[in-house]
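These protein sequences, in sequence, are chains A and B.
Be aware that the first sequence starts at 94, since it is given in our numbering, and climbs by one per residue.
Be aware that the second sequence starts at 7, since it is given in our numbering, and climbs by one per residue.
Calculated from the structure, these hints are not laboratory results.
We treat Cβ as the ideally placed atom computed from N, Cα and C, and that holds for glycine.
Keep in mind that a hint or two might mislead.
In silico BS3-like links for lysine-lysine, alpha-carbon gap of 25 Å or less [unchecked claim]:
| id | chain 1 | residue 1 | chain 2 | residue 2 |
| --- | --- | --- | --- | --- |
| 1 | A | LYS185 | A | LYS322 |
| 2 | A | LYS228 | B | LYS289 |
| 3 | A | LYS186 | B | LYS161 |
| 4 | A | LYS188 | A | LYS389 |
| 5 | A | LYS141 | A | LYS390 |
| 6 | B | LYS289 | A | LYS276 |
| 7 | A | LYS229 | B | LYS289 |
| 8 | B | LYS289 | A | LYS185 |
| 9 | B | LYS289 | A | LYS188 |
| 10 | A | LYS188 | A | LYS322 |
| 11 | A | LYS406 | A | LYS185 |
Per label pair, the in silico range of CB-to-CB distance [to be verified]:
| id | chain 1 | residue 1 | chain 2 | residue 2 | range |
| --- | --- | --- | --- | --- | --- |
| 12 | B | GLU52 | A | PHE335 | 31 to 39 Å |
| 13 | A | GLN409 | B | PHE163 | 52 to 60 Å |
| 14 | A | ASP246 | B | VAL137 | 31 to 39 Å |
| 15 | B | THR146 | A | SER286 | 27 to 35 Å |
| 16 | B | PHE163 | A | ILE238 | 52 to 60 Å |
| 17 | B | ALA304 | A | GLU162 | 44 to 52 Å |
| 18 | B | PHE34 | A | ASP356 | 39 to 47 Å |
| 19 | B | PHE163 | A | GLY136 | 51 to 59 Å |
| 20 | A | LYS322 | B | ILE264 | 36 to 44 Å |
| 21 | A | ASP274 | B | PHE163 | 44 to 52 Å |
| 22 | A | LYS391 | B | GLU52 | 50 to 58 Å |
| 23 | B | GLU166 | A | LYS188 | 25 to 33 Å |
| 24 | A | GLN320 | B | ALA304 | 38 to 46 Å |
Covered stretches of chain B (chain A as the covering partner; in silico rule of three or more C-beta atoms under 8 Å from a C-beta of chain A) [said to hold, decoys possible]:
| id | region |
| --- | --- |
| 25 | 67–78 |
| 26 | 147–155 |
| 27 | 159–167 |
| 28 | 171–183 |
| 29 | 258–270 |
Here is what each chain is made of, one letter per residue.
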Amino acid sequence: MKNIFVTGALSLSVLFALPASAQLKINAAGATFPAPIYQQWFGEYKTKAKVEINYQSIGSGGGRKQFLEGTVDFGASDKPMSDEELNSENGKKLKPLHFPTVLGGVVVAYNVTGVTGPLKLTGPVLADIYMGNIKKWNDAKIAGINAGVKLPDAAIVVTHRSDGSGTTFVFTDYLAQVSADWKSKVGANDQVSWPVGLGGKGNEGVSGLVKQTPNSIGYVELLFAVQNKMPFADMQNAAGKFVTPTFASVTAAAAASKGLAADFRGSIVNAPGAGSYPISSYTWLLIPTKITDPAKKKAIVDFLKWMVTEGQKEAQGLSYAPLPKGVVALEMKQIAAIQ
Amino acid sequence: MSTSAAAVAKPKLASKRLVGGDQVAQVFTCFFAVLILAVTAFLVYELWISSSPSKERFGFGFLTSRLWNPVTDQYGALPYIYGTVLTSFLALVIAVPLGVGAAIYLSELALPKWSNALTFLVELLAAVPSVIFGLLAIFTLVPIMRDYVQPGLQKVFGNESFLFGGPTFGVGYLTAGLILAVMTFPFIISVSREALMAVPREQREAALALGATQWESTWQIVLPYAKLGILGSVFLGLARALGETMAVTMVIGNDPGIHASLLSPGYTIASVIANEFSEAGGKYYPSALVELGLVLFALTMIINGVAQLLIVLTTKKGSAKA
Numbered sequence: 094m095k096n097i098f099v100t101g102a103l104s105l106s107v108l109f110a111l112p113a114s115a116q117l118k119i120n121a122a123g124a125t126f127p128a129p130i131y132q133q134w135f136g137e138y139k140t141k142a143k144v145e146i147n148y149q150s151i152g153s154g155g156g157r158k159q160f161l162e163g164t165v166d167f168g169a170s171d172k173p174m175s176d177e178e179l180n181s182e183n184g185k186k187l188k189p190l191h192f193p194t195v196l197g198g199v200v201v202a203y204n205v206t207g208v209t210g211p212l213k214l215t216g217p218v219l220a221d222i223y224m225g226n227i228k229k230w231n232d233a234k235i236a237g238i239n240a241g242v243k244l245p246d247a248a249i250v251v252t253h254r255s256d257g258s259g260t261t262f263v264f265t266d267y268l269a270q271v272s273a274d275w276k277s278k279v280g281a282n283d284q285v286s287w288p289v290g291l292g293g294k295g296n297e298g299v300s301g302l303v304k305q306t307p308n309s310i311g312y313v314e315l316l317f318a319v320q321n322k323m324p325f326a327d328m329q330n331a332a333g334k335f336v337t338p339t340f341a342s343v344t345a346a347a348a349a350s351k352g353l354a355a356d357f358r359g360s361i362v363n364a365p366g367a368g369s370y371p372i373s374s375y376t377w378l379l380i381p382t383k384i385t386d387p388a389k390k391k392a393i394v395d396f397l398k399w400m401v402t403e404g405q406k407e408a409q410g411l412s413y414a415p416l417p418k419g420v421v422a423l424e425m426k427q428i429a430a431i432q
Numbered sequence: 007m008s009t010s011a012a013a014v015a016k017p018k019l020a021s022k023r024l025v026g027g028d029q030v031a032q033v034f035t036c037f038f039a040v041l042i043l044a045v046t047a048f049l050v051y052e053l054w055i056s057s058s059p060s061k062e063r064f065g066f067g068f069l070t071s072r073l074w075n076p077v078t079d080q081y082g083a084l085p086y087i088y089g090t091v092l093t094s095f096l097a098l099v100i101a102v103p104l105g106v107g108a109a110i111y112l113s114e115l116a117l118p119k120w121s122n123a124l125t126f127l128v129e130l131l132a133a134v135p136s137v138i139f140g141l142l143a144i145f146t147l148v149p150i151m152r153d154y155v156q157p158g159l160q161k162v163f164g165n166e167s168f169l170f171g172g173p174t175f176g177v178g179y180l181t182a183g184l185i186l187a188v189m190t191f192p193f194i195i196s197v198s199r200e201a202l203m204a205v206p207r208e209q210r211e212a213a214l215a216l217g218a219t220q221w222e223s224t225w226q227i228v229l230p231y232a233k234l235g236i237l238g239s240v241f242l243g244l245a246r247a248l249g250e251t252m253a254v255t256m257v258i259g260n261d262p263g264i265h266a267s268l269l270s271p272g273y274t275i276a277s278v279i280a281n282e283f284s285e286a287g288g289k290y291y292p293s294a295l296v297e298l299g300l301v302l303f304a305l306t307m308i309i310n311g312v313a314q315l316l317i318v319l320t321t322k323k324g325s326a327k328a
């Protein structure tokens with residue numbers, strides 16, 4: 094009997110002793126869209142640098158909230174911090190630095206009976222569809238930019254995200270830029286009061302609705318649409334060209350955009366340049382300016398340097414658009430600002 | 007051996023030990039009981055405190071406002087309360103006749119062998135996670151509703167009619183009500199059957215002896231006797247329907263409007279909390295969602311309380327004599 098207890102206690106102590114000798118642990122939380130690449134980066138960084146970064150993909154809003162409440166070492170978000178958030182008590186204390194990590198695009202997916210070729214849409218037409226002003230697929234405004242496409246005389250079933258999401262922010266941010274009506278009546282946010290349409294939870298909820306409902310339209314992440322082989326529309330950009338969303342056209346938009354401020358906040362929707370896809374966005378890591386624990390500071394700084402250089406090479410493998418070269422150089426400068 | 011010998015030799019000691027054990031048991035079980043109460047009280051307290059910014063800003067207007075706009079930070083609960091109550095009501099309208107009918111068959115008419123096997127299956131159905139029902143609903147129920155049931159209803163009632171007008175998406179109040187009915191009737195069958203089984207045998211025998219047919223005995227004697235238990239089962243089902251989240255979120259359409267047509271998309275309290283809470287920022291947005299939780303909590307508390315009371319009443323009446 095005694096022996097069993099002794100071996101039991103010994104093996105238990107071994108079990109509990111192991112984590113004590115293990116590596117440094119860093120907690121992070123935030124956006125779901127870049128979560129796959131973050132998990133891969135953090136996994137590789139763990140074997141490389143013996144630093145464990147535990148990332149919880151709880152959503153952009155949750156990431157910003159937890160960062161400000163100080164429950165995580167750093168946050169991640171598809172939407173930069175607002176001035177209000179930066180000027181809050183904790184925002185002033187933490188002085189978050191924004192580090193763009195990869196780029197994403199939001200595509201307009203559709204399921205229109207009889208339409209096989211790529212549909213073309215402009216920003217104002219898309220805004221009118223989501224405002225409920227354009228109700229039918231064969232509306233003159235849609236037919237006018239889709240010569241040769243046989244559009245059905247059917248009602249448009251509009252779908253959108255029902256959960257708050259960085260994807261919704263990018264999409265509504267774009268609509269607000271191209272339509273004054275949308276800007277004043279609806280606005281841009283993680284979650285808005287939709288004039289029309291059905292809500293689906295997550296990218297999979299929206300894509301489920303679009304796939305299942307004839308004559309529907311919806312918006313999802315580019316990555317998600319590519320993986321699920323959904324048909325999506327070519328969008329007219331600020332230069333007047335119709336551009337197919339690809340990783341190249343998203344990176345082109347980032348390179349051409351003047352929307353990014355010196356602190357890396359800002360939006361790059363409706364970017365200039367003939368090859369730019371207009372509904373593109375950065376996604377950010379939020380790092381506090383001052384990291385008191387020197388071991389954590391070193392680990393985070395090393396990770397950031399690795400992420401903007403070596404890490405970028407992996408982005409495309411996972412179907413993310415990599416950062417433009419100019420941004421990488423600027424980020425290296427900002428890394429030096431971490432105290 | 008030695009302990010029993012000691013107990014015989016010194017009976018006082020044994021009884022003392024027993025008294026001590028009883029006291030320990032009393033203290034422990036009392037602690038557990040209080041703990042459950044404390045958890046509930048803490049829950050209410052937390053909901054109350056966390057929702058105070060929203061309560062202060064919107065007051066009772068929160069319950070009657072139809073506006074839900076995170077951009078302008080204005081929130082009202084009415085579309086969600088409407089959706090929750092309507093879908094739960096639809097679920098009961100469908101599930102009660104089905105559930106009570108099935109319970110009558112299982113307790114009164116079926117062979118015991120069949121009854122036991124079927125009851126086992128029904129209870130299995132009650133244990134299926136709701137997300138499974140949701141997936142089934144999306145991939146099978148929604149297309150059937152959109153392509154056959156909803157156009158069929160519109161053919162019969164007209165596509166401008168009050169209850170069945172408007173475009174047919176497949177998702178909406180009626181679809182949510184249907185999936186909720188499927189999810190609640192295992193509870194209704196299970197509890198109603200127990201209540202019917204608790205009706206004393208003498209009641210049935212007396213009815214038959216007086217010349218009643220089996221149906222007359224069931225309808226006029228057994229059912230009224232088990233009435234309260236069956237009502238209790240209905241309330242339990244209703245409580246489940248009110249709080250159901252995942253399956254409803256997947257098929258209701260998530261549109262915060264108030265529509266008369268049962269084919270329109272809508273929204274429920276549980277769904278909007280599940281959808282929006284993780285991304286809700288600012289001062290009023292999360293607090294308005296918590297206040298919605300408080301509203302739902304109040305609704306379910308009242309219904310559960312009534313159900314508990316009914317069940318207690320009927321089991322006293324039925325099983326005491328059986």
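Now the hints, each set against the structure:
1. LYS185/A <-> LYS322/A: With Cα atoms ~44 Å apart, LYS185/A and LYS322/A exceed 25 Å; violated.
2. LYS228/A <-> LYS289/B: 36 Å, violated
3. LYS186/A <-> LYS161/B: 64 Å, violated
4. LYS188/A <-> LYS389/A: 17 Å, holds
5. LYS141/A <-> LYS390/A: Roughly 17 Å separates the two Cα atoms, so the pair holds.
6. LYS289/B <-> LYS276/A: 23 Å, holds
7. LYS229/A <-> LYS289/B: It is violated: about 40 Å lies between the C-alpha atoms, which goes past 25 Å.
8. LYS289/B <-> LYS185/A: 17 Å, holds
9. LYS289/B <-> LYS188/A: It holds: about 20 Å lies between the C-alpha atoms, which stays within 25 Å.
10. LYS188/A <-> LYS322/A: With Cα atoms ~41 Å apart, LYS188/A and LYS322/A exceed 25 Å; violated.
11. LYS406/A <-> LYS185/A: Violated, at about 34 Å.
12. GLU52/B <-> PHE335/A: 31 to 39 Å: 52 Å, violated
13. GLN409/A <-> PHE163/B: 52 to 60 Å: 55 Å, holds
14. ASP246/A <-> VAL137/B: 31 to 39 Å: Taking Cβ atoms as reference, ASP246/A and VAL137/B lie about 38 Å apart, which means the hint holds.
15. THR146/B <-> SER286/A: 27 to 35 Å: 32 Å, holds
16. PHE163/B <-> ILE238/A: 52 to 60 Å: 39 Å, violated
17. ALA304/B <-> GLU162/A: 44 to 52 Å: 29 Å, violated
18. PHE34/B <-> ASP356/A: 39 to 47 Å: Cβ of PHE34/B to Cβ of ASP356/A: about 59 Å, so the range 39 to 47 Å is violated.
19. PHE163/B <-> GLY136/A: 51 to 59 Å: At 57 Å between Cβs, range holds.
20. LYS322/A <-> ILE264/B: 36 to 44 Å: 38 Å, holds
21. ASP274/A <-> PHE163/B: 44 to 52 Å: 36 Å, violated
22. LYS391/A <-> GLU52/B: 50 to 58 Å: Violated - the Cβ-Cβ distance for LYS391/A and GLU52/B, about 39 Å, lies outside 50 to 58 Å.
23. GLU166/B <-> LYS188/A: 25 to 33 Å: Distance hint for GLU166/B, LYS188/A is violated at roughly 60 Å.
24. GLN320/A <-> ALA304/B: 38 to 46 Å: Once the Cβ atoms are compared, 43 Å apart, the range 38 to 46 Å for ALA304/B and GLN320/A holds.
25. 67–78: It holds: at least three residues are needed, and the region 67–78 of chain B offers 6 whose Cβ sits within less than 8 Å of chain A.
26. 147–155: As far as the region 147–155 of chain B goes, the hint holds, because 3 residues have Cβ atoms under 8 Å from chain A.
27. 159–167: violated (count 0)
28. 171–183: Contact hint for the region 171–183 of chain B vs chain A: holds, 4 residues under 8 Å.
29. 258–270: It holds, with 4 qualifying residues against the three required.
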